[in-house]
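Turn these sequences into a full structure, and let the hints steer you where they fit.
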Amino acid sequence: MLADSLSRLLADRCDPALRMKVAYAAPYHSPELWAALVEMGALHALVDEDHGGFGGAGFDIATVFEALGAALCPEPVLPALLAARLLVAAGADAGPLLAGDLRYAVGLFEMDGTALDEIETTADGGRLTGRKSVVYGGPGADRFLIVARDGARLSLHEVAASDAQVLPYAMIDGGGAAEVILDAAPARLLMADAGAAVQDALDAGALALSAEALGGMETALALTVDYLKQRRQFGRPIGSNQALQHRTVELVTEIAQARSIVILAASRMGTADQSRSVSMCKHLCGRVAQRVAEEAIQMHGGIAMTWEAPVSHYAKRLVMIDAQLGDADHHLHRVMAGLQAV
Amino acid sequence: MLADSLSRLLADRCDPALRMKVAYAAPYHSPELWAALVEMGALHALVDEDHGGFGGAGFDIATVFEALGAALCPEPVLPALLAARLLVAAGADAGPLLAGDLRYAVGLFEMDGTALDEIETTADGGRLTGRKSVVYGGPGADRFLIVARDGARLSLHEVAASDAQVLPYAMIDGGGAAEVILDAAPARLLMADAGAAVQDALDAGALALSAEALGGMETALALTVDYLKQRRQFGRPIGSNQALQHRTVELVTEIAQARSIVILAASRMGTADQSRSVSMCKHLCGRVAQRVAEEAIQMHGGIAMTWEAPVSHYAKRLVMIDAQLGDADHHLHRVMAGLQAV
Amino acid sequence: MDLSFTPEEEAFRAEVRAFMADDLSPETAAKVREGRTLSKRDMEDYHAALYARGWLAPSWPAAYGGAGWTPVQKHIFDEEAARASAPRLVPFGIAMLAPVLFKFGTQEQRDYYLPRILDGTDWWCQGYSEPGAGSDLAGLKTRAVRDGDHYIVNGQKTWTTLGQHADWIFCLVRTKADGKPQEGISFLLIDMKTPGVEVRPIRLIEGGHEVNEVFLTDVRVPVGNLVGGENQGWTIAKYLLTHERNNIAGVGFSTQAFESLLTHARHPRRSGRRLIDDPLFAARLARIEVDLEAMKITNLRLVVAGQSAGAPGVESSILKIKGVEVRQALNDLARRALGPAAAPFPSEDLDGNAAIVPADQAGNAAEYFNNRKMSIYGGSNEIQKNILAKAMLGL
Amino acid sequence: MDLSFTPEEEAFRAEVRAFMADDLSPETAAKVREGRTLSKRDMEDYHAALYARGWLAPSWPAAYGGAGWTPVQKHIFDEEAARASAPRLVPFGIAMLAPVLFKFGTQEQRDYYLPRILDGTDWWCQGYSEPGAGSDLAGLKTRAVRDGDHYIVNGQKTWTTLGQHADWIFCLVRTKADGKPQEGISFLLIDMKTPGVEVRPIRLIEGGHEVNEVFLTDVRVPVGNLVGGENQGWTIAKYLLTHERNNIAGVGFSTQAFESLLTHARHPRRSGRRLIDDPLFAARLARIEVDLEAMKITNLRLVVAGQSAGAPGVESSILKIKGVEVRQALNDLARRALGPAAAPFPSEDLDGNAAIVPADQAGNAAEYFNNRKMSIYGGSNEIQKNILAKAMLGL
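Line order of the protein sequences matches chains A, B, C and D. Numbering follows UniProt numbering, in which position 108 of the first sequence is assigned residue number 108; successive positions increment by one, without gaps. Numbering follows UniProt numbering, in which position 238 of the second sequence is assigned residue number 238; successive positions increment by one, without gaps. Numbering follows UniProt numbering, in which position 117 of the third sequence is assigned residue number 117; successive positions increment by one, without gaps. Numbering follows UniProt numbering, in which position 351 of the fourth sequence is assigned residue number 351; successive positions increment by one, without gaps.
Hint data in this document are derived by calculation from the structure and do not stem from the laboratory. Incorrect hints may have been included.
Stated by the list, open to error - Below are the DSS-like pairs computed for lysine-lysine, each with C-alpha atoms no more than 27 Å apart in a straight line:
no.	chain 1	residue 1	chain 2	residue 2
1	D	Lys390	A	Lys229
2	C	Lys74	C	Lys176
3	C	Lys141	C	Lys238
4	A	Lys229	C	Lys31
5	B	Lys229	D	Lys390
6	D	Lys176	D	Lys238
In structure tokens form, the structure reads like this:
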């Protein structure tokens, strides 16, 4: 139901031509489309009923993000998911976020650090100092949720955008991110011991990105199969080349596996296996998404090298999604650790 | 010159049908062929002129073993190489070995250990105690060179076969190996500090195995290309399938790379880069050899699953060669270590 | 989608587990675990135990002894069987001939042959492949010429799995020489005790005897042994190819292989080191674990999809391609995990083999080589990809 | 085989290194290192420096300014140029048109065009591809119709690299409509200042402007601009495709990229950790190092083999396939090494880019995407494999 109406909305309002413009210039998304997504409840689907939403389970998250991925939608739903998950964990009010009254972004990792234990931002007397790097959805956010370090513990704080220095930019695969520089910025403490909540938000985010990749892969595959049928060379469709047929079939098989692991990870949200299953999922989707992207480009040939061809933007998103919230190697390390533990 | 006469000898005397018999039953090789190899100087080519041979450079070793690999020869030349290298390093007489008067085998690794620092055999008062596992060419050897541990140091000893318990068996890819059990076996100390000499022998052995793999790959490829041309299905040669063509071409490309890295490693023998270059070589050859083996089987189809088809024996050798003297991962670790060292 | 099992399903799992504990011979299980060759008796005993429990042919119609299992029950059974190292059931009678008789056979044929399959009277083998004609049945050369109430059959079959134990063979034979090559093929049941049938072993790559050549020389076969009409053999062969791919993904076997490999890799060596702490090995194993975990869901999804569509279709090609990929990757890693100790040739010369590595791993290299067949037989990977390209992609 | 360099060769290397130190602009080198777009002036300056040194067109005949280098000297030059982050020379005049003129042109054509290529008067671009006709030149639609002393050319070219800077374009045009599609093609030189020539930019996947569409509308081209005979264009195109593949393996570029990536990976992060100590990353980099080291030898081997055979043959396909594979793998790893910091879109909005990662890495993601072209253009990987299957394997 939500999936269908969401897909319809995106088919109507997020066509490739529009996207190519809005995704790369400030504010790096379409405020109208954002409003429409909020109105139809795409954010409410990310939070459970006890906290003002009507979803919140792994499958709800996967459903929303698969639709976003299939349409290559640049709207900042990921930061909303991360923030909502953290607000709920902190017992704070996610209502204004879900209603679209306030946009949140989450400041996690820092320059040249890619692990939680490399966070150096400090909280001192209600003021935060540090620099958060590549904050997704940072441009135009009203509030930032900032993860700081207090000895071995991570704490969670809320900072008004007006109290931070925000340097916005587009990402190469579309959508906005920002450097968020905090110089003794006034902050409200939400959780003093936020380690588990942050890991849970990262898990939800990684599941969401995997599902987004899945949607994107399906579309990239469909575009490629269409192209193989239509494009003729040496007097016949290039899809009549057996080598291309076999490679395409391998993509079908791998995408079937990617869909399965998204289902697995979604079903394990909220269980003891959540983190490891999500890592399996993000690893496999990262691996498959890059293969699909590279093959989609290669089989399209030159046309896929142009900005005008939608497949080029799908390919960029599919490759770069791997770099968000831990890449295939990062998550493989976590799967390996499970095998190594006795 | 040596390469040509060696290849001719092997073509005459090491045909697949004969090999399938002698390689799997005691003594796991053909004493007549061994004598012929000795006579033509195949062993002399492995040692330099100062020590009774007429070769000994990296390219000499590679040349001999590429020919052996191309013919899938099960003769125990590898243990002769390892032993000759160690005897020369120890200042001992390699003459009887090169003349074929004494057959040597080298006892290196032990049960469930795969690294030099896992060697546990001890030397005490001129007597050795320990068990050497999968000693190549062990069946029928007259003498064993045994590496023992003395604290942090490795020492090298010579033991007469009659003083050891030797349990011989065939290997799945042909040729003989043995468990060599030493129970206070009388031994002659050759080198008290043999670490460097042992590593040098391992390097020479890894180069030899890589070159053998290269020869085997070329033959397996040639058999496969022949088969693709001759075997017909659905009314045309199966080689007319573009998917198979592309996969075959990829093998050609990878084998070209394997040949290049053998050349590189051969040229670096005796230089400071010897060990790391050999590891690059054994890693790449191990990786490519398995791919060639699996593709040769797959493209031959069912016939390659039978004992009667020579390609099945090439495939076994190509896969199992990787397990000798350090597999692709073992050698990749050594390449990685070079990158990590500052 | 709910991926958890119902209490009824969990109860069924307990039943299967109890059956395996009670009725599967530990000696047989050990042989399976160690990759040793099973005797005919081993296989017959397991067959008999399943028959006694009513679980031998779960997907047959109930009237003929079927169990009426859901796809999930089938899946649970496969998992538990693999977990217990049960032998793989010989499929030729139960899973191949039987569906053909249900669909194309006469009532007499069903009444005669099916009970004999169930109670173990008849061991069946398959006579499809011929030298020079693998996936391409158009090249089939074995001829059956009508002579009164009999066909006179002449030709040669190959890759006949376990033919050395079989009482009967179902064969594709050419009954018409002219016309399109695939039109003149018939499906014939041949008693292997008939004069003129000779079975010769084929030695496989790893040294084992599992398949055979079957020579047919002036073999007289009653006309009543024809299944379906004369020249309907191609239709039957195609039916079998897409139907009834029992446990095609082999998820249970792979799970068992994964667990066993993990146990080995976690076991400290004499030096105290563990293989699993080698990051390159751990990465290989973790990648396979991820593929296998995904495969389990893919299997459930596609089995259910196939079930609701009536018969498994192109999904079975995906399951075969990827299922085999995972199993072969596990075989590769199991061999690799042993290092040089994987080398000894499995033979009776010496139990030097057993002396070097634990018995359940001594066959790792042999199993790796033997299982290369999986991407070749039953429609090679290449054939599966051709099918998928045509069916799913319209290419 | 002797893989070491002679003293003469080492002396030559020192000469090249000195030239790069003295005559290559540091600003240009920085742009190359950082993957930034070069201005026309940057490229012209490097061209002029090489021209002054007599190294611009080493493989031309000496009479026309060639340097008479051995293949090894060429290799050394390429290595040093990559090491110094020199720009890649625009090949269309020097490496593509010139060999065509030597082989097929008239003396007048050689005397007129070649000096102008050398001294930088004329910047050339290539008009082969058309929308809807990539590797398949049979589909070529641009038509040239004879009208007295001129051809009237109408059509559209695409993928015209650096066409925005070019003075001249060499085009394949259709001069005969009937007969086999490849027979009626001619090779024509067109002054881009001629009325009716319009260049429109194509924006590439990563946002850059490097290639163009060229529209030709009633463009009048003197008949004297025809190279070779009328309808000989296909022969010329094939000649160019197999001849003169300059530095096709790109070993120098890959070496430079590898060194730069290794330096980055060894550099401690603020936390003190180094990327190279991640075994999964180190394994990726080590595998590429091995491939690259082998590639260096493969390059020398095949270049020498090609040289002794007269013209590079199928070897160039191997070099292209594997050389591109190595370069793309390095681009992939360079992007991967940055993690999320690879994401910022290269633009003038903000030097936030430069603010996150060192300038020489800010373009890593863009370069990765841009270099996907390498396995597509100049005969795609698929075309190369078709060629090899036919030529080397006889399949």
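Each hint tested on the structure:
no.	hint	result
1	Lys390/D to Lys229/A	holds (25 Å)
2	Lys74/C to Lys176/C	violated (41 Å)
3	Lys141/C to Lys238/C	holds (18 Å)
4	Lys229/A to Lys31/C	violated (51 Å)
5	Lys229/B to Lys390/D	holds (12 Å)
6	Lys176/D to Lys238/D	holds (18 Å)
Violated hints, in rising order: 2, 4; the structure is consistent with all others.
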